[in-house]
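A.B. asks: Sequence order for the protein chains is F, H and C. Letter 247 of the first sequence, counting from 1, is numbered 247 in the numbering used here, and no numbers are missing. Letter 67 of the second sequence, counting from 1, is numbered 67 in the numbering used here, and no numbers are missing. Letter 117 of the third sequence, counting from 1, is numbered 117 in the numbering used here, and no numbers are missing.
Treat the hints with care, since some could be wrong.
Since the list can't tell identical chains apart, any single copy or any two copies may satisfy a pair.
Unchecked claim - No farther apart than 25 angstroms at their CA atoms in a straight line, the calculated lysine to any residue pairs in the SDA-like style are these: (1) Lys169 - Ser186; (2) Lys19 - Ser235; (3) Lys246 - Leu63; (4) Lys42 - Lys223; (5) Lys246 - Ser27.
I should point out that these hints are in silico values taken from the structure, not numbers from a laboratory.
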Amino acid sequence: MVLESKIENDIKYLYFNDKASLNAISSGDWKSLKSEIESFEKSDQKYLVIKHINGNYSAGAQLGENINSLMEDVSNAAETLWNCKKPVISLVNGIAAGAGSNMMLLSDFIIATPETRFIEVFVRRGLVVDFGGSWVLPRIIGIQKAKSLMMTSNEINGTELNNLGVLHKLCSFEDMDKEFESLIESLNKQSFISICMIKQQIREGLDKTFSESLDLETENQNKRFLHSDAAEGMSAFLEKRPPVYKNTLDE
Amino acid sequence: MVLESKIENDIKYLYFNDKASLNAISSGDWKSLKSEIESFEKSDQKYLVIKHINGNYSAGAQLGENINSLMEDVSNAAETLWNCKKPVISLVNGIAAGAGSNMMLLSDFIIATPETRFIEVFVRRGLVVDFGGSWVLPRIIGIQKAKSLMMTSNEINGTELNNLGVLHKLCSFEDMDKEFESLIESLNKQSFISICMIKQQIREGLDKTFSESLDLETENQNKRFLHSDAAEGMSAFLEKRPPVYKNTLDE
Amino acid sequence: MVLESKIENDIKYLYFNDKASLNAISSGDWKSLKSEIESFEKSDQKYLVIKHINGNYSAGAQLGENINSLMEDVSNAAETLWNCKKPVISLVNGIAAGAGSNMMLLSDFIIATPETRFIEVFVRRGLVVDFGGSWVLPRIIGIQKAKSLMMTSNEINGTELNNLGVLHKLCSFEDMDKEFESLIESLNKQSFISICMIKQQIREGLDKTFSESLDLETENQNKRFLHSDAAEGMSAFLEKRPPVYKNTLDE
Numbered sequence: 001m002v003l004e005s006k007i008e009n010d011i012k013y014l015y016f017n018d019k020a021s022l023n024a025i026s027s028g029d030w031k032s033l034k035s036e037i038e039s040f041e042k043s044d045q046k047y048l049v050i051k052h053i054n055g056n057y058s059a060g061a062q063l064g065e066n067i068n069s070l071m072e073d074v075s076n077a078a079e080t081l082w083n084c085k086k087p088v089i090s091l092v093n094g095i096a097a098g099a100g101s102n103m104m105l106l107s108d109f110i111i112a113t114p115e116t117r118f119i120e121v122f123v124r125r126g127l128v129v130d131f132g133g134s135w136v137l138p139r140i141i142g143i144q145k146a147k148s149l150m151m152t153s154n155e156i157n158g159t160e161l162n163n164l165g166v167l168h169k170l171c172s173f174e175d176m177d178k179e180f181e182s183l184i185e186s187l188n189k190q191s192f193i194s195i196c197m198i199k200q201q202i203r204e205g206l207d208k209t210f211s212e213s214l215d216l217e218t219e220n221q222n223k224r225f226l227h228s229d230a231a232e233g234m235s236a237f238l239e240k241r242p243p244v245y246k247n248t249l250d251e
Numbered sequence: 001m002v003l004e005s006k007i008e009n010d011i012k013y014l015y016f017n018d019k020a021s022l023n024a025i026s027s028g029d030w031k032s033l034k035s036e037i038e039s040f041e042k043s044d045q046k047y048l049v050i051k052h053i054n055g056n057y058s059a060g061a062q063l064g065e066n067i068n069s070l071m072e073d074v075s076n077a078a079e080t081l082w083n084c085k086k087p088v089i090s091l092v093n094g095i096a097a098g099a100g101s102n103m104m105l106l107s108d109f110i111i112a113t114p115e116t117r118f119i120e121v122f123v124r125r126g127l128v129v130d131f132g133g134s135w136v137l138p139r140i141i142g143i144q145k146a147k148s149l150m151m152t153s154n155e156i157n158g159t160e161l162n163n164l165g166v167l168h169k170l171c172s173f174e175d176m177d178k179e180f181e182s183l184i185e186s187l188n189k190q191s192f193i194s195i196c197m198i199k200q201q202i203r204e205g206l207d208k209t210f211s212e213s214l215d216l217e218t219e220n221q222n223k224r225f226l227h228s229d230a231a232e233g234m235s236a237f238l239e240k241r242p243p244v245y246k247n248t249l250d251e
Numbered sequence: 001m002v003l004e005s006k007i008e009n010d011i012k013y014l015y016f017n018d019k020a021s022l023n024a025i026s027s028g029d030w031k032s033l034k035s036e037i038e039s040f041e042k043s044d045q046k047y048l049v050i051k052h053i054n055g056n057y058s059a060g061a062q063l064g065e066n067i068n069s070l071m072e073d074v075s076n077a078a079e080t081l082w083n084c085k086k087p088v089i090s091l092v093n094g095i096a097a098g099a100g101s102n103m104m105l106l107s108d109f110i111i112a113t114p115e116t117r118f119i120e121v122f123v124r125r126g127l128v129v130d131f132g133g134s135w136v137l138p139r140i141i142g143i144q145k146a147k148s149l150m151m152t153s154n155e156i157n158g159t160e161l162n163n164l165g166v167l168h169k170l171c172s173f174e175d176m177d178k179e180f181e182s183l184i185e186s187l188n189k190q191s192f193i194s195i196c197m198i199k200q201q202i203r204e205g206l207d208k209t210f211s212e213s214l215d216l217e218t219e220n221q222n223k224r225f226l227h228s229d230a231a232e233g234m235s236a237f238l239e240k241r242p243p244v245y246k247n248t249l250d251e
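Kindly produce the complete structure, drawing on both the sequences and the hints.
C.D. replies: Shown next, in the form of structure tokens:
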């Protein structure tokens with residue numbers, strides 16, 4: 001078990017802390033990951049951050065362990081992460097491989113260094129892409145680039161990830177904390193319930209038709225009109241001052 | 001009510017003309033927008049153009065107005081625009097924000113200046129993305145870039161829109177009329193019914209499986225084989241001359 | 001009939017060899033194409049390569065021929081190509097137009113020269129996009145760029161294709177054989193059954209919800225755990241040596 005968590009103010013951090021294995025994820029960690037996300041969902045914390053440690057993000061699943069029912073745990077963790085209602089941020093440096101590469105892709109915001117090493121490593125090991133990667137990568141970078149990366153296991157770095165449109169921000173290792181704070185500061189200025197409902201609309205919209213997606217937008221917007229954040233947003237706009245939002249998830 | 005329309009030859013122009021509000025759209029305009037599109041559909045005009053005026057495209061929905069049933073009108077207008085059978089072109093300069101930003105995205109061709117200011121502004125106002133934006137933007141620029149723009153309300157300019165693959169053409173304000181004429185000239189050389197059926201195939205294909213989409217292509221192509229435009233296309237090809245198409249929508 | 005095939009080692013090559021027509025595909029070729037792909041599927045060959053000849057890839061369907069039931073044959077060939085379980089590679093130079101442009105897009109890997117001339121030519125001929133192009137192109141380059149190319153028939157070259165994220169590799173005509181060999185060498189190092197199952201996951205995942213796609217990943221990965229390639233992958237990893245895979249398609 002290598003998963004560690006830390007809470008600072010309204011942010012929950014997760015790390016796969018195992019230097020020797022480049023932060024490989026042990027078979028027992030998948031259930032922990034799921035329950036860490038679930039406890040975050042129920043908490044007052046606003047942001048979930050999966051962060052590099054020891055110079056790496058994560059090398060993915062530890063090989064060579066007991067695999068009884070492992071895949072069910074892996075996929076349950078992926079589904080819980082993807083369906084997380086609140087923003088998920090990945091801070092990436094060094095190795096992001098296998099399930100580690102796809103955990104990164106299921107995040108809402110990815111900040112990474114040029115030294116990031118992204119590898120969909122599965123074909124090298126006689127395995128298939130998991131943790132949702134075969135669904136999500138073509139919807140981020142298009143079918144052709146996704147096939148290239150997943151069917152060859154070619155490694156790309158942070159600069160290439162940025163050129164493919166994967167990153168929220170590419171920055172040096174030295175600047176990462178600053179860029180992360182800047183993102184949090186920017187998100188904190190917005191209505192938190194709006195951010196979370198838009199995340200829901202994007203996520204569910206990917207599995208909906210245009211018309212169904214429009215229905216969800218309509219339903220969510222009508223709920224907004226009854227919420228104090230929308231009233232505050234309108235007042236602030238008319239009074240030309242920054243809004244002060246509740247920053248809670250009560251709808 | 002700020003929506004104005006103008007017809008020149010076979011082109012219908014729409015403007016949200018309200019300089020003081022940067023062309024914000026009033027609550028009464030949504031029904032007008034829908035009926036303007038519907039009358040365009042039934043007319044002999046070939047192209048619908050939503051154009052900047054007073055230095056801006058549109059700031060989106062006017063805040064502070066009566067919102068009774070507003071969202072139904074907004075979403076009905078979005079659905080009518082998206083389902084428009086004939087080509088829709090947006091000529092964009094200055095502010096394209098909120099519903100204005102998404103109206104632009106529902107167009108088939110976007111020509112914009114570097115001075116364009118694209119803002120998915122909803123989270124700043126305690127609202128959620130509407131007018132189809134949460135469905136369409138991830139399918140234009142990928143999930144990650146769509147989340148970045150919609151969950152932070154970060155502003156980007158025309159050059160950045162172009163780098164993300166959103167634009168048909170980036171050009172200076174001075175060159176916009178020329179670029180627009182060049183697009184119309186290029187479209188006028190093609191079979192108009194072909195253009196419209198391909199638009200249908202792309203639109204419906206996004207909600208279909210590969211196999212279902214292939215069925216629609218087959219059905220449409222078989223209709224083409226019976227149409228005079230296909231005969232003219234073949235003759236022109238064999239005679240090495242430009243084709244002269246009917247440019248009507250009779251199937 | 002212009003379709004020719006050649007088998008070298010574990011690679012099957014297809015060419016549309018008709019210099020005068022820039023390798024246009026005759027009405028009888030569609031059924032041949034389908035049966036060539038089907039015999040490849042049943043064979044021991046690992047890679048299907050559709051290759052330029054006479055300086056061009058393919059100008060698409062021959063115009064001016066008997067079209068009785070033609071579209072059914074075209075779409076059956078497209079469906080068979082898209083569903084091909086093993087990797088499909090296109091080596092492209094010169095003209096890739098009409099059904100030729102879309103045949104290229106249904107390949108898993110596209111290697112092309114800067115002199116490639118990609119044209120979704122249908123609107124020029126009074127026809128509609130076929131061979132799956134209206135479904136696949138928006139999922140490779142996004143809705144807006146796909147509409148631009150398909151609704152105007154604008155021609156783009158290999159460099160532009162590469163900038164749009166369509167290519168596995170852009171290279172000079174002189175380097176193409178070397179780049180192709182390098183791709184095959186890279187694929188040969190991986191588990192072949194893994195490559196093919198990942199191709200299946202990507203293809204089917206495009207028509208599935210996130211959750212359904214995760215189920216397929218889980219099912220496929222559990223099959224991997226029972227296969228000798230996964231055991232060999234793990235041993236090789238632990239022993240820090242290159243793996244030696246079976247390279248067969250037995251599951």
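A.B. asks: Evaluate each hint against the coordinates.
C.D. replies: Structure-based check of all given hints:
{"no.": "1", "hint": "Lys169 - Ser186", "verdict": "within (13 angstroms within a copy, 31 angstroms between copies)"}
{"no.": "2", "hint": "Lys19 - Ser235", "verdict": "between (51 angstroms within a copy, 21 angstroms between copies)"}
{"no.": "3", "hint": "Lys246 - Leu63", "verdict": "between (45 angstroms within a copy, 20 angstroms between copies)"}
{"no.": "4", "hint": "Lys42 - Lys223", "verdict": "within (21 angstroms within a copy, 36 angstroms between copies)"}
{"no.": "5", "hint": "Lys246 - Ser27", "verdict": "neither (40 angstroms within a copy, 27 angstroms between copies)"}
Of the hints listed earlier, the one the structure fails to meet is number 5.
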